[in-house]
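Engineer: Chains as they are written, first to last, in my numbering: chain A, 1 to 359; chain B, 1 to 359; chain C, 1 to 192; chain D, 1 to 192; chain E, 1 to 83; chain F, 1 to 83; chain G, 1 to 266; chain H, 1 to 266.
FYI, nobody ran anything at the bench for these hints, they're computed from the structure.
Heads up, some of the hints might be wrong.
[Stated by the list, open to error] Capping the alpha-carbon separation at 20 Å, the derived lysine to aspartate or glutamate pairs in EDC-like fashion look like this:
(1) Lys171(H) x Asp47(A)
(2) Lys205(H) x Asp13(F)
(3) Lys72(E) x Asp13(G)
(4) Lys3(H) x Asp30(F)
(5) Lys171(G) x Glu187(H)
(6) Lys138(C) x Glu3(C)
(7) Lys206(A) x Asp217(A)
(8) Lys57(F) x Glu17(H)
(9) Lys138(C) x Asp179(C)
(10) Lys261(H) x Glu187(H)
(11) Lys3(G) x Glu80(E)
(12) Lys57(E) x Glu56(G)
(13) Lys162(D) x Glu181(D)
[To be verified] Ranges between beta-carbon positions, derived for each pair:
(14) Glu15(F) x Thr193(B): 24 to 32 Å
(15) Thr41(E) x Pro44(B): 40 to 48 Å
(16) Val290(A) x Gly167(H): 53 to 61 Å
[Unchecked claim] Calculated Cβ distances over 10 Å to all of chain H for the following chain B residues:
(17) Gln172
(18) Pro178
(19) Val179
(20) Gly188
(21) Leu198
(22) Gln265
(23) Gly295
(24) Ala321
Values in this document were obtained by computation on a predicted structure and should not be read as measured data.
Beta carbons are placed, not taken as given, at the ideal position from N, Cα and C, and that holds for glycine.
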Amino acid sequence: MTAQLLEGSDAVAHAMVAAGCRFFAGYPMTPFTEVLEHMAKLLPPVDGVCMNAESELEAVGMAWGAAATGTRAATGSTGQGLSLMQESLAEITLAHLPLVVLNMARAQGDYYQATRGGGHGDYRHLVLAPMDVPEAVELTQLAFHLADTWRNPVMVFGDYYLAHTYQSVDVQPIDFGPVPVKDWALDGSSSGTGRAKLISPLGDFKQRDDVGYDLSDYYLRCAAKTAAMVAGVEPMIDIGYCDDADVVVVAFGTAGKYIRYTVAQMRADGLRVGYARPITLFPFPSEAIVRATAGARRVAVYENNMGQMVDDVRLAVLGRAPVDFIGGLSLDSSGFGIAPDYNVDVLRRKITAVMEASS
Amino acid sequence: MTAQLLEGSDAVAHAMVAAGCRFFAGYPMTPFTEVLEHMAKLLPPVDGVCMNAESELEAVGMAWGAAATGTRAATGSTGQGLSLMQESLAEITLAHLPLVVLNMARAQGDYYQATRGGGHGDYRHLVLAPMDVPEAVELTQLAFHLADTWRNPVMVFGDYYLAHTYQSVDVQPIDFGPVPVKDWALDGSSSGTGRAKLISPLGDFKQRDDVGYDLSDYYLRCAAKTAAMVAGVEPMIDIGYCDDADVVVVAFGTAGKYIRYTVAQMRADGLRVGYARPITLFPFPSEAIVRATAGARRVAVYENNMGQMVDDVRLAVLGRAPVDFIGGLSLDSSGFGIAPDYNVDVLRRKITAVMEASS
Amino acid sequence: MAERELAMTGIGGQGVQFAAQVMSRGAIAEGRQVMMFGSYGGMMRGGNTDATLVVADGPIESPPTVPRVWAAMVMHHEYWSFVQQQLRPGSVVFVNSTIFRGELDASYQVIELPVTDIAVDVGNIMGASMVMAGAISKATGLVSLDSLLGAVEASLPSYRVKHVAINHQALRAGFDAIDAEVAPAWSARVGA
Amino acid sequence: MAERELAMTGIGGQGVQFAAQVMSRGAIAEGRQVMMFGSYGGMMRGGNTDATLVVADGPIESPPTVPRVWAAMVMHHEYWSFVQQQLRPGSVVFVNSTIFRGELDASYQVIELPVTDIAVDVGNIMGASMVMAGAISKATGLVSLDSLLGAVEASLPSYRVKHVAINHQALRAGFDAIDAEVAPAWSARVGA
Amino acid sequence: MRSVLTRGSVVIDVEACKGCDLCIDACPPDVLVMTTHEVNTRGYRYPLLLPGCTGCKACSQICPDFVFQVYKYDKPIEIEVAE
Amino acid sequence: MRSVLTRGSVVIDVEACKGCDLCIDACPPDVLVMTTHEVNTRGYRYPLLLPGCTGCKACSQICPDFVFQVYKYDKPIEIEVAE
Amino acid sequence: MRKIEGLTVIPTDTAPEHARLVDDFTPSLIDVGAHNLCPGCGEPIAMRSLLEIVEELAVIDRAIGVFGIGCYTAFSNNLDCEVLQALHGRAPSLATGVKRAKPNTLVFTIQGDGDMVNEGLQEVIHAAARGENITCVMLNNGVFGETGGHITAATVMGQRTKNSLEGRNAKDHGYPIRLSNLIAELEGACYVARGAVNTAGNVAKTRRMITRAFETQLRGEGFSFLEILTMCPTGWFIETQEAPDYLDDTLAATHTIGVVKDTAAK
Amino acid sequence: MRKIEGLTVIPTDTAPEHARLVDDFTPSLIDVGAHNLCPGCGEPIAMRSLLEIVEELAVIDRAIGVFGIGCYTAFSNNLDCEVLQALHGRAPSLATGVKRAKPNTLVFTIQGDGDMVNEGLQEVIHAAARGENITCVMLNNGVFGETGGHITAATVMGQRTKNSLEGRNAKDHGYPIRLSNLIAELEGACYVARGAVNTAGNVAKTRRMITRAFETQLRGEGFSFLEILTMCPTGWFIETQEAPDYLDDTLAATHTIGVVKDTAAK
Ligand SMILES: Cc1ncc(C[n+]2csc(CCOP(=O)(O)OP(=O)(O)O)c2C)c(N)n1
Ligand SMILES: Cc1ncc(C[n+]2csc(CCOP(=O)(O)OP(=O)(O)O)c2C)c(N)n1
Ligand code: SF4
Ligand code: SF4
Ligand code: SF4
Ligand code: SF4
Ligand code: SF4
Ligand code: SF4
Ligand SMILES: [Mg+2]
Ligand SMILES: [Mg+2]
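Same shape as in the complex, but just chain A (with noise of 0.2 Å):
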């Protein structure tokens, strides 16, 4: 293998790259800013477009216009700028175009905005949470992967440390099978044919006598539409140490990582605790939860956030045991406050104390 040192983010850049993306539109916005100056660096050498927006709404709209004409397209931000994004991320999920968007999250108090969708409507988009460099080279280019294979936005779902570590990798194209044919993408060359083509969030069909779109009947096909796609993806989830353990500790990301260390440091001195750290975090792996908790005392979720995927733990749990929100917002003051701040000893106590609680 020819393994480089490179930054998350940049990392992050050269997969897109290898996944085949194209183009690229973004705003700087701390962390995410190092992936699109990373990405302005890789994709003219490729004769791939990236454009500095002039602002997160308007980097939106390029790349739903570059992802219409079938070119694998992906933008991205961090909290604000995904924020102003939320009207186009709904309504790019009708028009049914495949887009990844990059959530260089600060810490992780956008789960809910990222797993219920932040936009109006009943649209989702699939989520996906690498907890270190390595997996955010494999996560990144599948999600291109999903978002072909379901005409649906795919959301790469990382963090501060994620941007910002460097690690040893080998970034190789990564051959997730075929993807369907994009017969729908624009190119102007079905104009005049009698069945020119048309992509649009408001329906599909093209008018019939007077009569226009019809959102009440198109409404319903998109939602048939997401629930095939919910059906049709399989949840994916990292577990560990969870068979005979007391406690289980869920937590995904950056967050997940540190868990996973803690609770190996802590099975490594005999104590009966595991971790199930959620790799999709929508679809949500549900059932694998349920697994994994069956013979659990108690469930600990955490997150640097004041409790948002906790509920999916206890939707999932469902009253057979109880489920501890062990997390909280802790931000690094020195990472200028937006940088979550974890401590393998923190958690320990945290862990340690749920655990005299189950017993």
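Given chain A's structure and the hints, the job is docking chains B, C, D, E, F, G and H with the ligands onto it.
Structural biologist: Below, chains B, C, D, E, F, G and H with the ligands alone, put in the same frame as chain A:
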């Protein structure tokens, strides 16, 4: 009483003025448009200001500015428009400003957005969902009281029916008691005094030495403030016929009014069914739901979306009884496909099916 | 608590929405509570125009649209199928016999009146629904004639106040066209 | 699977981040896997600059920041308290004796070297961290000298390639300043 | 009786017309007139063609509802009109 | 020895200086010079005042770090300088 | 010949003999002629002209229209031309993405004054400043027609709208933005013109402008912008017959008709 | 007298005798002088001038500053002047809400070119078109300083930024927007000027512009706009000493210094 015939949007506008709202900014979008039109008529005569903002982003910004002066201010929109406002709605919460937001939604697909916050981070808005015009007149006034009490945005979650139904109402100012003095409001008078006021989503501490804003500290305090609000606000709910009910149906807003009506008719026919209609969607009346469903064999949730509030109901019932989602997306094709399609006969059939399953 | 549901249907230009507003305001003047939900298909002429009017002695329990109605006002057959579904044995159905073409179930209490002709006679083609409102008043007492007359002005846009008189004529003409209160709204306890 | 954690601390201008990159690339050249997380306080001179470097024979299990470290490289005392908390009995602590002022627990295996002086001697004030890297190579074999030398160029921004030579000098000077591999990184199984 | 030189003609899709009158002013030789009583099934008045059409396409180009089809005669024709 | 007419003077908050040099060019009579070796505790070179200040405020107005306090003498003074 | 209402009326229900068709009912790039826009609306007229020019230039197999949200959206699922439907105000960014990804296409937007001067003002200005090689088209009727005739940032002084019934006044509503003139200030803008569809003459003139705008893009010169004044009798609260003159007297008095900028002409 | 590095140096650690203070370290409306902006940054200079003028005009007890997001945000919690912190690009709308709700205040925004010409271009143009009686101030350094020196819509041709290291070129990045000139086109804009803080002379000139802009608002004339060119050595990737000249040669060559519009003057 001097009742008059008012269209819902007109009644809400009258209620806002009665509540002392003196600044409104909005951008037309059906079914929110009429509220804007009525405010444009009602405010000038009482020396209020109504701005025809050039976009939703600018509307929420103008309302933000007015709110910062201590003026009772409101804005609002529908679907797409509210999605555009998400960044501002998230951050104005961190700026601790009272603001009333009208979501004249189309159907009920924005429940997640309203209750989880479609923006970034851990902020929360109080959400009130009236079932009809008279209740909207009351809750709209309450919204301003709660906003001032908690220095937090409060959303009134209406829909197409609320906006367009005419009802006989007598809009009188309601006294909800005193609210804290707005000693934080800006008017320039504290400038040059050595303790000039600051209103910012980044923090409320003035700079010391060369340390600027401390987000890690501030976000924690914001989270604490939110927790205090959630603890301090009495959840509201309308419950009927639940004591001996085999099945309890949960629904909110206009759907709740239809369910009430349907359940009443079924009761008249001797069927043991009850209803629970959350009035505050956030905080969600979980305890009340637990009590109302204590004796139920099954719980049914009806909402005009693909299943959102059902999460909160399940989180409350937590497995003690099966919770069936009997809602779904159903839009009226005559009403431009944006009005929910409710039919008492259909609802009765759905509820009956649940009752059969329960016995 | 008695609630009287009246379903109204017609096509653009017949004044259905206006009639619904006049009846609503008339009922309010009599101390009753009212809910009225109208729907009409866009700006095009000849489009459908429906309305559901609920009048009650107390707070309205009915939602904006109801499954069964106490009575119906059918100005045109074009879009009346939806209203038809709401009728049940005993429902009072006021039909504009000048225009209406369609089946009427024998179980209904049907009251036919050529309201368009009558409107033309009183020189107010647009007033057909007003004529019908007058007729409904006489036949059911849902809202008294005086209350209807008093409600006209408030229901007209300012630039139309000059039309008060002709609408009063239409109301009276409809009222006089019925000889007796054949289906009293407020005696028996009908409806939900 | 052995993981070697090295905590590095200093102030802006000492080249700590650069050294972390050189060591990382050197380790990769030897077929090892690496994780490196650096943090520095803004653009101001003299600000803190820390880095956590983890080298392993296989996939990295350590998160970006670790509670305990195998070794530490202390270039300055100003912000070293955080690193101090990560040390435990037996940790190998490389100290820049030219500058460092502070308490060092007796339980550590301390290796002091006046790297700033040495750097000045080889005419490369900014090279203090390079000197230390060379010393760490000799004393622990975490990364061989050759690998470090080979990693310098790739770690320099293009417009700085001319600085390769002086950095090589600094590395060698540090390497030569230590006489033996006193704390082998890859023999015993230390640390998690 | 007088005869009017007529170079073109139009087909009018009466049912498509919404009675906006735009074609009337647009017609250079002024050979389009609106009906005064007759209306189409949607209740709109619609245009009638008088002799003298030049086939200039002004009506078809300005009609918002695509009501016109314009023809040019291979050679102009004379049409008799009663005074 | 020569004497320089000096109308004003400045107080320099050396520790606040970030060594950007803006004041040097800004000073009309050119009486500010940067240290060449001396640095403040943050490692920045800082300005020194030579005789001949006019108290014009150019330095205080342009300094991004608010390093200057400017004074005007009640009456100008003469300062002796060695050539 | 038959007599109707006392006039000698030519039969117009069937095609005449010995004559050739010179203009069909519906332009061939519009699927269905019937639409539910109001009587006398200017937008279908503009749509017809635009689509006919696309055909004339023989670039139909490269044409992609990006639609904004307004009454004109009624045409977005009714064309035999590829359409990408954008959100309100966002068309220029989508068009940018399309054009950058597929440079050989002819990309044009169809937006209204509400869509372009209100919600999406920034999008079109940035696209123009970038010299984006697309054509943005604004159908300017000075109101939000679709929502019922509300004031926009292009509504002219004194114009009556649903929320300025006494006419736009500076104190409450400020001044109209003359977008074409603003765009012309930007270096990236190569061709900028303002036409109208209120008379047969203006329609003809506007067709020439459309041709020039598209040619500018096809030659790869850069950003071209076309503003077309359209009638909105409904939003103006007047009769359809009065609309053409009302357009001249109000809208066109502020938004002057003519070519504003043409770098190629120099 | 002491000799330092061979020069006769006046002691400058304490106040001289027989002299009066004519300018203090930190302007009185700035709480803490120390800040973590870069060496040679032009923004603190502009802040000083603005706040001193607010004092000079004796309107401090009515002054409210609305801040955008950029490096200048470091001052938003550091003033003895009421501050409303806005989100990136949104300051003009917040300022509008403040002013309409409290007409007697003096409301000014502090924004950067990234904040105003990129993210919030539409906000300031609409505010100007409305003739909103506020003063919008743009600190223009032609880059996103805070994010590390990226290109903005105001970056001039050839300017080197982090993502245009070879200098801005038309093909990839389009042309810069000269915002003051665009704003001046709008009827609602009454006073528009562009200053700079790269030399003592320009600082003095800029102070006069600030005065005029605030007077325009105080007289209730309407929208006033002030653009101030500031140095960003970090984002320009040059030495602090080179910044003043670089500003003249690059930024000011496109964004010309001077009064662009002054309706009162006519
Ligand atoms: C984000 C958003 N806000 C508001 C609306 C509601 N809306 C639909 S069309 C329209 C105005 C359209 O005006 P214009 O672009 O001028 O087109 P016109 O109707 O005049 O042809 C508005 C405000 C929307 N669809 N999306
Ligand atoms: C919505 C949003 N997008 C992006 C950012 C990240 N961001 C912070 S400051 C800034 C640029 C500021 O540039 P400018 O206004 O010119 O100020 P300067 O730093 O140059 O002084 C950006 C993009 C943000 N804070 N909010
Ligand atoms: S322009 Fe067309 S729609 Fe209008 S009247 Fe003439 S034919 Fe009818
Ligand atoms: S083609 Fe010309 S002349 Fe003939 S009817 Fe039409 S407009 Fe008139
Ligand atoms: S301008 Fe100020 S900061 Fe810069 S060198 Fe002079 S004193 Fe120091
Ligand atoms: S006050 Fe004027 S003369 Fe004196 S040092 Fe400052 S700039 Fe120079
Ligand atoms: S509202 Fe105006 S723009 Fe819309 S369809 Fe009617 S006339 Fe045309
Ligand atoms: S980056 Fe530029 S603008 Fe920001 S502080 Fe540094 S010099 Fe000033
Ligand atoms: Mg318009
Ligand atoms: Mg800037």
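Engineer: Does Glu17(H) sit within 20 Å of Lys57(F), going by the straight-line distance between their CA atoms?
Structural biologist: Holds, at roughly 18 Å.
Engineer: Could you grab the alpha-carbon distance between Lys206(A) and Asp217(A) and see if it respects the 20 Å cut-off?
Structural biologist: holds (13 Å)
Engineer: Can you confirm whether the C-alpha distance between Lys205(H) and Asp13(F) stays at or below 20 Å?
Structural biologist: Violated, at about 27 Å.
Engineer: Holds or violated: Lys3(G) with Glu80(E), Cα cutoff 20 Å?
Structural biologist: Holds - the C-alpha atoms of Glu80(E) and Lys3(G) are around 13 Å apart, at most 20 Å.
Engineer: For the hint 40 to 48 Å, verify it against the beta carbon of Thr41(E) and that of Pro44(B).
Structural biologist: holds (45 Å)
Engineer: May I ask you to check that Gln265(B) keeps its beta-carbon over 10 Å from the closest beta-carbon of chain H?
Structural biologist: Fine: 48 Å to the nearest Cβ keeps Gln265(B) off the interface.
Engineer: When you check the alpha-carbon spacing of Lys138(C) and Asp179(C), does it fall within 20 Å?
Structural biologist: holds (8 Å)
Engineer: Does Val179(B) sit more than 10 Å from chain H, CB to CB?
Structural biologist: Given that every Cβ of chain H is farther than 10 Å from that of Val179(B), nearest at about 18 Å, it holds.
Engineer: Mind checking the alpha carbons of Lys171(H) and Asp47(A) for me, to see if they're no more than 20 Å apart?
Structural biologist: holds (15 Å)
Engineer: With a cut-off of 20 Å on the C-alpha distance, tell me whether Lys171(G) and Glu187(H) pass.
Structural biologist: Judged against 20 Å, a Cα distance of about 13 Å means the pair holds.
Engineer: Given the hint that Lys162(D) pairs with Glu181(D), does the C-alpha gap stay at or below 20 Å?
Structural biologist: Status violated; Cα separation ~31 Å.
Engineer: Assess, step by step, whether the Cα of Lys72(E) is no farther than 20 Å from the Cα of Asp13(G), and give holds or violated.
Structural biologist: Answer holds: Lys72(E) to Asp13(G) is near 16 Å, not above 20 Å.
Checked against the numbered hints above, the structure violates hints 2, 13, 20 and 21; every other hint is satisfied.
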